[in-house]
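Asker: Chains as they are written, first to last, in the numbering used here: chain A, 1 to 381; chain B, 1001 to 1381.
Treat the hints as calculated values from the structure; they're not laboratory data.
It is possible that some hints are incorrect.
Label pairs and their calculated CB-CB ranges [what the hints assert, rightly or not]:
no.: 1; chain 1: A; residue 1: Gln-342; chain 2: B; residue 2: Arg-1369; range: 18 to 26 Å
no.: 2; chain 1: A; residue 1: Asn-306; chain 2: B; residue 2: Pro-1074; range: 34 to 42 Å
no.: 3; chain 1: B; residue 1: Thr-1332; chain 2: A; residue 2: Lys-370; range: 19 to 27 Å
no.: 4; chain 1: B; residue 1: Lys-1379; chain 2: A; residue 2: Gln-342; range: 26 to 34 Å
no.: 5; chain 1: B; residue 1: Pro-1302; chain 2: A; residue 2: Lys-370; range: 20 to 28 Å
Covered by chain B, according to a simulated footprint, are these stretches of chain A (three or more residues, beta-carbon under 8 Å) [claimed, not checked]:
no.: 6; segment: 312 to 320
no.: 7; segment: 325 to 336
no.: 8; segment: 357 to 366
Even for Gly, the Cβ is constructed at its ideal location relative to N, Cα and C.
Number of protein chains: 2
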Amino acid sequence: MTQGTAASQSDCFYVLLMAGGRGERFWPLSRRDTPKHLLPLWNGRSLLQLAVERVAPVVPRERILVITTVGQAPKVRRQLGDLPAGNVIVEPVGRDTCAAVTLGAALVGARCPDAVMAMLPADHIIHDVQAFGTVLRDALLLAAREPVIVTLGIPPTEPATGYGYIRVGEPRTSGPADLPGGTRFYNAEAFVEKPSLDRAREYLQSGRYRWNAGMFIWSYATLLEGLREHQPRMHEAALRWAETARTRPSRLRAVLAHEYPELPRISIDYALMEKARNVVVADATFDWDDVGSWTALARHLPAGENGNVFEAEAVAVDSSGNLVYDARSRGTRTPVALVGMQDTVVVLTRDAVLLVHKSQAQKVRELVRKLEEDPRYRKLL
Amino acid sequence: MTQGTAASQSDCFYVLLMAGGRGERFWPLSRRDTPKHLLPLWNGRSLLQLAVERVAPVVPRERILVITTVGQAPKVRRQLGDLPAGNVIVEPVGRDTCAAVTLGAALVGARCPDAVMAMLPADHIIHDVQAFGTVLRDALLLAAREPVIVTLGIPPTEPATGYGYIRVGEPRTSGPADLPGGTRFYNAEAFVEKPSLDRAREYLQSGRYRWNAGMFIWSYATLLEGLREHQPRMHEAALRWAETARTRPSRLRAVLAHEYPELPRISIDYALMEKARNVVVADATFDWDDVGSWTALARHLPAGENGNVFEAEAVAVDSSGNLVYDARSRGTRTPVALVGMQDTVVVLTRDAVLLVHKSQAQKVRELVRKLEEDPRYRKLL
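Excised from the complex, chain A in its bound form (with noise of 0.2 Å):
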């Protein structure tokens, strides 16, 4: 396995955002083909542009990919018009995040083969995100220097029990020309399950563990060697669509229409992440949500009087702590008063109203897998 020099690998820097979530925690604004990361809920923008802006400074538009679904590739077009038509990669169906990953990297193994390349979450919040550069690129650099995967690592503010954790090893010492960035990097010991709350706040204090963050950085040639030895079908797969997409693009769609569905569900962490021994975990010096119910989003709203958050024309007595979303069009909105209401969530759309008491959030999921069971809601999801 060849490493080429920082230098010239920075032309060959890519990024790949994941954006093929299936949209149930943020019902009924987000449906099925409007997933959270393509509803416009910050100042007009979506999660998948910002992650977009976020990632420009780093590496050239015409290096930012985007891996979606067949229901959700207009939108994504839509939202990124400023991007190359070619830059986004539709999935024939859903085959969870190993699928994903092999079908991102292939495409940029094609253009690139000394490619390095970072697959990244497409609905998470950094504000900072000028740090979150600097980690990135140290990351890429490291990734074209060494044959390691690298995965940013978030170090706990509490001790959430929703995450999967990383628990990190000695700090790595860098080589002789030090990274630009001054990241610290870890070897990654294990990659451990969501836990329970104590052994959550077991995990805060002890300092040696990450929230696993979903965001990967490795080179063409090393995902290859670690599908090699850990997932040899989708090792194949990708060596194949490369080939495709090299030689003969326009046969690309069909191949991957064939190919695709037959490949096993399997995540990213679990085919690779967990088994690779040569893992390296950068510590992430910005802030990070990965916006996971309409709670976490109230946090990010600019609130009011009583901590209220009114994305609406709202009335309130004697309420607090809650987030009233009106998504229904101008001329059909009318005024949500409460009374004696805390730490609610009201969302209105065209065709369904929600309440969901902030504690409760997570189980929006289920309600929707409630709207599924019953034909009369088809058309809310």
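Once you have looked at the hints, place chain B on chain A.
Answerer: Structure of chain B alone, referenced to chain A:
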């Protein structure tokens, strides 16, 4: 003062339904011109319609009169199409209950100077219609026989702090011709204001207190005598209006437009009941609720799973004790989803949405105050 026999008097029994409430507590369903008693919440019937049905077995429709406001009169007439048009009495302006009682009594007195009448609120719920009819009939018969003011007292079932109370003395021994319904009567000792919780508990335990339900029965002669002694201006007005109604009915409207606004704003409780020494309490043997809030209303609507009342297309996950009421027209209704919501009232109308925690339902009035202060919301009142 002459009192006829029960037999002759029953041809002159009248009921006056007081239907002039302001309609604040059931906002956004109730509005200034569509208060609680006009809302078709009870299988499409309103409390006013139920009130008429409740008294109709005791007093024929020709002798059921309704006193209402200018704004509500058209809806009252529409809902009570089976009442003679002249039986809907319109107050020129609101002047509290003593003026309304005086007006209603004068118009009844003009029809029949020997009349015995019941003044009843039109916005209460009574399920046991038969028991109510029995007590009402006995009260009318007693008021026909003796110069007493009868009020129906509700034996308290809880230490309510939202009602006025009446302290009762010894049971009255009936005269030789016993009343057919066997209703128990007491001499009233005192009318007392809404008590503290501790005081209300004492009242409940003592067995000597009744809730003041605002239901009064008297003969025209007895009422005139009471007004003459305690409210001479009202007494004069009653005599004048009765005379006008009898001799120059076409002039009545102009006379009222001129004189009614000049009357003092005073409640019949304060003006007469608390001062009179001839008040008798009839023990109610029926259930009674003045449905003072959304929370009270929810108790009378049929609940489904987990105590939720859904007068709407609603889907619930881990939610209990809620009321969802969708009053929008059929074509514009949308499903309402609840996740982790407890004891919350949700009301949707064409032009507003209300969320109120059941424990805070009395604060809907504060909300209406707030809306009144903002010109933008005038259309919502």
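Asker: Would you say the segment 325 to 336 of chain A counts as covered by chain B, given the rule of at least 3 residues with C-beta under 8 Å?
Answerer: Contact hint for the segment 325 to 336 of chain A vs chain B: holds, 3 residues under 8 Å.
Asker: Within 34 to 42 Å: is that where the Cβ-Cβ distance between Asn-306(A) and Pro-1074(B) falls?
Answerer: holds (41 Å)
Asker: Does the segment 312 to 320 of chain A contain three or more residues whose Cβ lies closer than 8 Å to a Cβ of chain B?
Answerer: holds (count 3)
Asker: Mind checking the hinted window 20 to 28 Å against the Cβ distance between Pro-1302(B) and Lys-370(A)?
Answerer: holds (22 Å)
Asker: Closer than 8 Å Cβ to Cβ for three or more residues is the test here. Does the segment 357 to 366 of chain A pass it with chain B?
Answerer: holds (count 7)
Asker: Starting from the range 18 to 26 Å, see whether the pair Gln-342(A) and Arg-1369(B) falls in it by beta-carbon distance.
Answerer: holds (21 Å)
Asker: Is it true that the C-beta distance of Thr-1332(B) to Lys-370(A) lies inside 19 to 27 Å, as the hint says?
Answerer: At roughly 23 Å between Cβ atoms, Lys-370(A) and Thr-1332(B) fall inside 19 to 27 Å, so the hint holds.
Asker: 26 to 34 Å was suggested as the range; check whether the CB atoms of Lys-1379(B) and Gln-342(A) agree with it.
Answerer: 29 Å Cβ-Cβ, so the 26 to 34 Å window holds.
In summary, the structure agrees with every hint in the numbered list given earlier.
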